[in-house]
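Build out the structure end to end from the sequences listed, making use of the hints.
Protein chains in written order, with my numbering: chain A, 683 to 1023; chain B, 683 to 1023; chain C, 683 to 1023.
It should be emphasised that the hints constitute simulated quantities derived from the structure, not laboratory data. Treat each hint with caution, since some may be false.
Note that the list lumps identical chains together, so a pair holds whenever it fits in one copy or between two copies.
[Unchecked claim] Dumping the calculated DSSO-like pairs for lysine-lysine here, alpha-carbon to alpha-carbon at most 27 angstroms:
(1) 715 / 691
(2) 854 / 909
(3) 715 / 802
(4) 957 / 781
(5) 963 / 781
(6) 910 / 691
(7) 910 / 957
(8) 701 / 957
(9) 818 / 948
(10) 781 / 847
(11) 948 / 697
(12) 910 / 964
(13) 785 / 964
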Amino acid sequence: MSWNDLEGKDLISVKDWTKEELDILLRVAGDLKSRYYSGEELDILENDTFMMLFFNSSTRTRQSFEAGMSQLGGHSQFLAPETMRISLDREPGGGESIKDTTKVMGRYSEGIGVRLLEDKVDYYGQGTEILYEMGKYSTVPIINMASDIYHPCQSMTDIMTMQEKVGALRGKKIAVTWAYSPWVRSWGSIQSNILTSALFGMDVNLAHPEGYELDPDVLDLTEENAKKSGGSFTVTNEMDEAIKEADIVYPRNWMSPDRYEIGREKEIEMAGKHKDWKYTKKRQEELTDPGYLLHCMPVDRGNEVEDEIMDDPELSFVYDQAENRLHLQKALMALTMGGSF
Amino acid sequence: MSWNDLEGKDLISVKDWTKEELDILLRVAGDLKSRYYSGEELDILENDTFMMLFFNSSTRTRQSFEAGMSQLGGHSQFLAPETMRISLDREPGGGESIKDTTKVMGRYSEGIGVRLLEDKVDYYGQGTEILYEMGKYSTVPIINMASDIYHPCQSMTDIMTMQEKVGALRGKKIAVTWAYSPWVRSWGSIQSNILTSALFGMDVNLAHPEGYELDPDVLDLTEENAKKSGGSFTVTNEMDEAIKEADIVYPRNWMSPDRYEIGREKEIEMAGKHKDWKYTKKRQEELTDPGYLLHCMPVDRGNEVEDEIMDDPELSFVYDQAENRLHLQKALMALTMGGSF
Amino acid sequence: MSWNDLEGKDLISVKDWTKEELDILLRVAGDLKSRYYSGEELDILENDTFMMLFFNSSTRTRQSFEAGMSQLGGHSQFLAPETMRISLDREPGGGESIKDTTKVMGRYSEGIGVRLLEDKVDYYGQGTEILYEMGKYSTVPIINMASDIYHPCQSMTDIMTMQEKVGALRGKKIAVTWAYSPWVRSWGSIQSNILTSALFGMDVNLAHPEGYELDPDVLDLTEENAKKSGGSFTVTNEMDEAIKEADIVYPRNWMSPDRYEIGREKEIEMAGKHKDWKYTKKRQEELTDPGYLLHCMPVDRGNEVEDEIMDDPELSFVYDQAENRLHLQKALMALTMGGSF
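Structure (C-alpha cells):
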C-alpha cells in the first residue's frame, strides 16, 4: 500500500487501522520529527485547516495539534462547541443536527478533530458512537482527540516513544497500573494503551484495586490483540505483581465504573483507600527492570508517582512522550488530510 | 472601475455598494472557488490579519472567515469582546471608547469583522449604527459579520449560490417565508436576502403570519430595489401563496417585532401557534417549481423544513450555499484588504 | 555582542537585560517597522509557535503579539489557563505542576508569553516569581506579557515611541502621574515605565496623591537607574509640580497598596476624592512644554485626560504608541526565539 491510501481515513480507534497502516503512521512520525530537528520548513498542509472541536477541555492535545498544523504550514481552529448550538440528542428544536454541523465543517476544512468524553453524553460509549456517526457524514477525516472509550493519538504516541527508547516492542513488558489521585480520570488513554501495546506484541500487565475494572469489550479486544501479535495480557489486583520485572511502568489514576452513579465526592473517597498505589523509587528499584516511566500527563506528582522517578531523565519518558504527540499527530494529519509530501 | 478601487471599503450593508461593485465581488468569489478546487496555494493576504469581533456567538461565520484567511495565506484573530472592556455607552469610566478600540485594532490588522445583534445593544438598529461608527474611525475595512439589521455576507452568498444553480436571476422567483421553530432568530439574514434578491432582479415573495412584520425601512428599500432592477416584491400572510411556482424557497424562523418586550418564553409560545408554517415535501411537489431549498443554516429540521427536502441533493442548496460563504468572504477580504492578486 | 546572543533569553523585567541588549531590541524594532511599511513579507519565524498564557484578560497585548507572529510567518496560540489545570500552589492533587506545564509547552513552541497579575496569586510579587520559576524550567524564552510588578513590553514600547517622537531621551522630562478613574489599574505599566525611562537617562517626575505609593523596591531601582544613566527621579504629591515643563505626560490611574485589603468599592470611593487629578488642556497649555500625551491604553477619556488632548494628533502619541507594541514585540520574539533574519 502507499501513503496516499490513508487520505480521507478517520482515526477513531486504533482497531480501525491495520497494523501495516499503523506502521506507516509511526514511520512518517519519525520522519517528520527528524525533519523538524533539521530545521526544515514544511508546507505539507500549506494554508489548510484542521478544526478542533473540544467538548471537553484540553492542554497538550490542543497545543500539540495546533502547533503541529503550524509546523506543516496550515492552521487549526480552536472551536467552542458550547457556542455552536449542536444537538447531541437530535430532537427538532434542539439544536443543529450532527449531520449538518459535520457536513458544513468539512466544507471549510481538510480535517476535523473531536474530544467528547462520557460526562458530555448520555451514557458511556455514546461519545465514541457520535464520532463514528460524524465519520459517516464527513467528507474529511474525523480524528479522535480523546473519546469516552479511546484515545488513539495518545496510544500511538506511547508506541512511538517506547520504540524510540527501548527498540522493538515484541517481548517487552509494560505494567499499566491504577494509581491513587483525587483527579478521577477517564478511561480513554489507559484503554487505548493496553489495546495498542498488545497489538504491538508487548506483554501487558494491567493492575488495579478491585472495583476499578475497565470496559470488558476493551479487555476482550486486548486479549485478542495479544493472541494475534504473540504478546500476552494479564490482569491482577496487585500492583507489585504487575510491575515485577517490567521494562516500562504506566501508573495512572482512573475512575471506577460506578463513577456517574456514586458522584465525584464518593469516588474520591473510594480512591483514598488506595493511597499506597503509587509508583515509588523503592518499587522501581526492588521490583522493575528497569521500570521506565510512561505517562500521558498531567502527572499527579507525589500521588501517582514520586518526584524522584518523574525527575530522573534516565527513567522518565514523559517529556519526550509529550513531545511525540506533536510529531505523531503531524504524521496523522499529513497522511489523512492529503498532505503534499 | 478596477478591483483596486474596492481597497479600504467597508461592507456594512449591501446598499453601500453599487451593483457593479457587487458584481465584481461575485466574479472574484467564483474565481477564488475555482482556484481552490484546482489546488492552487494562494498568498493573496500573506501574513495579514483579519480581526473577528463576535459580540454574539457564531458557527459558520467564524469558521468560514477563519478558514478563508488561512486559504489566502493570512490569519484571523478570534476575539472575545467581553474581555475587551469596550464601552458601548461611552460614559467616562465605562470602558474603552469605540473610537480608541477601533483605531488601535486597525494598527494591528488589515481588516475588522464585527457581529453585533440587537440583544447586545440598547435598541434595534444600534448594532448597525455602531458598525457605521467604527467605519468612520477605522483605517481598515469594517466587515459586517451579522448585525441587528443586515447580514450582507450571507445575502451575497445567497446570490452567488442561486446564480451557480439556476443561472441569471432576473425573473426567477424566490419565496422567503417565515417558518416555525422555537429558536427565535434575528432578522439580519432574511432582511439582507430580500433586499439583495430584489436588487438582482428577482421576484421576491415574502410571507409570514400576522405579527411577524420586518423592519419597514428594509421593506421600502426592497421595494425600491425591485423597481430599479425590474424585479418585484410582494408580502403576504399565506405561506402557500408565496411559494406558488417559486424556483427557490427560503423557509426560516424569525422573531416578532415585540420579542424584547414580551420575552423569549412568550415569543416561543406565540410561534407555536404556527407550526403548520413548514416547508414540506407535499408543498414542494404541489406548489413550487421546483422549489429548491435555500437556507442560511442552522436548519431546524422537522420544524422549518422536512428532512426529505433537506436531504435531497437535487433540491437542497444548503451545503453548497454554506460552502460559498467561504469563497464569497475570501473575495470580500481580498478585495477590501488590499490583497495581491 | 551579536543579535544571536539574545536567542533563548527571557524578558521578565527590563532589569534582566543590559542597556546594550535593550538598544539592540529597539534597533530591530525600528527595522521591522520599516520593513512592514515597505510591504515586505517576512518569514523570520516561519511556521513557529508562540504560546500566550493569559491568566488575566487582555486587549492590545493579545492582538499585537498574535498579529506580530502572523507578520513574522508564525502563529500564536491563545490559551486559556483556566482550562489547563495548572497548580499555582503545587500541592499533590492540586493540578499539574508549573514545571511540567512549562517543560511540555516548550516542546510545542519556540516561545511562551505569560500574563499573571496580583489578583490571580496569593500575594503581590508572586506573579513575577512564577514567571522567573517558569524561566528556570523552560527551554524556550519566557516573555512577560504583564505581571503584578512589571510590563517590560509596554515600557520598551514607551521608549521606542518617545525616541521616534522627540529623539534622544537624555535630559528629556517625563511626568508619570496618577490620574482619576474608577478602573483601579495594576502597577506593572507605570512601574516599568519609570524604571525604564530612568535607565534611558530621562528626568522622571512621579506624582500621585498620598496613599498611592508604588513598590518601594521599584522606586529604589528607578533611583539607581537614574544615577547610572545621568537622569533624575523625583516623587511628589502635586500633579502640577510634576508636569511643570514636562516634555511628556503620562496620566494614568492605579490602585493603592491597600487595594486587596479594602476591596474594590472602597478603592473606587477613595479614588473619587481626587477627581481633579486629570490631564486637562488648561494644564497642558499653562504648565507643560509641550506635554505630549503618553499612555499605555485603555484611556479613561474625560477622567484621566480630556478629549481635546487625546484627539490632538500633534500632542497625543497614543495610537502610534499602541502600534509600536506590535513592532517592539516582533523584534523581541524574533531575537529571543531564534528568528532567521
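Now the hints, each set against the structure:
For the homomeric pair residue 715 and residue 691, the shortest alpha-carbon distances inside one copy (22 angstroms) and between copies (25 angstroms) are both at most 27 angstroms. Proximity of residue 854 and residue 909 under a CA criterion of 27 angstroms is satisfied intra-copy only: 15 angstroms inside one chain copy versus 66 angstroms between copies. Proximity of residue 715 to residue 802 under the C-alpha cut-off of 27 angstroms is found in neither arrangement, the shortest distances being 34 angstroms within a copy and 37 angstroms between copies. Taking the shortest Cα distances, residue 957 and residue 781 sit within 27 angstroms of each other only across copies (24 angstroms), while inside one copy they are farther apart (45 angstroms).
For the homomeric pair residue 963 and residue 781, the shortest alpha-carbon distance between copies (20 angstroms) is at most 27 angstroms, but the shortest distance inside one copy (51 angstroms) is not. When the C-alpha separation of residue 910 and residue 691 is checked against a cutoff of 27 angstroms, the pair qualifies only within one copy, where the shortest distance is 24 angstroms, while the shortest distance between copies is 52 angstroms. Within a single copy, residue 910 and residue 957 get their C-alpha atoms no closer than 36 angstroms, and across copies no closer than 58 angstroms, so neither meets the 27 angstroms cut-off. Taking CA atoms no more than 27 angstroms apart as the test, residue 701 paired with residue 957 passes in neither setting, with 38 angstroms inside one copy and 53 angstroms between copies.
Within a single copy, residue 818 and residue 948 get their C-alpha atoms no closer than 39 angstroms, and across copies no closer than 39 angstroms, so neither meets the 27 angstroms cut-off. Taking identical chains as interchangeable, the C-alpha atoms of residue 781 and residue 847 lie at most 27 angstroms apart only when they sit on different chains, with a minimum of 23 angstroms there against 43 angstroms within one chain. For a Cα distance limit of 27 angstroms, the shortest separation of residue 948 from residue 697 qualifies neither inside one copy, at 34 angstroms, nor across copies, at 51 angstroms. In this homomeric assembly, residue 910 and residue 964 never come within 27 angstroms of each other (Cα to Cα): the closest approach is 35 angstroms inside a single copy and 56 angstroms across copies.
For a Cα distance limit of 27 angstroms, the shortest separation of residue 785 from residue 964 across copies, 26 angstroms, qualifies, whereas the shortest one inside one copy, 54 angstroms, does not.
When held up to the earlier numbered hints, the structure conflicts with 3, 7, 8, 9, 11, 12 and fits the remainder.
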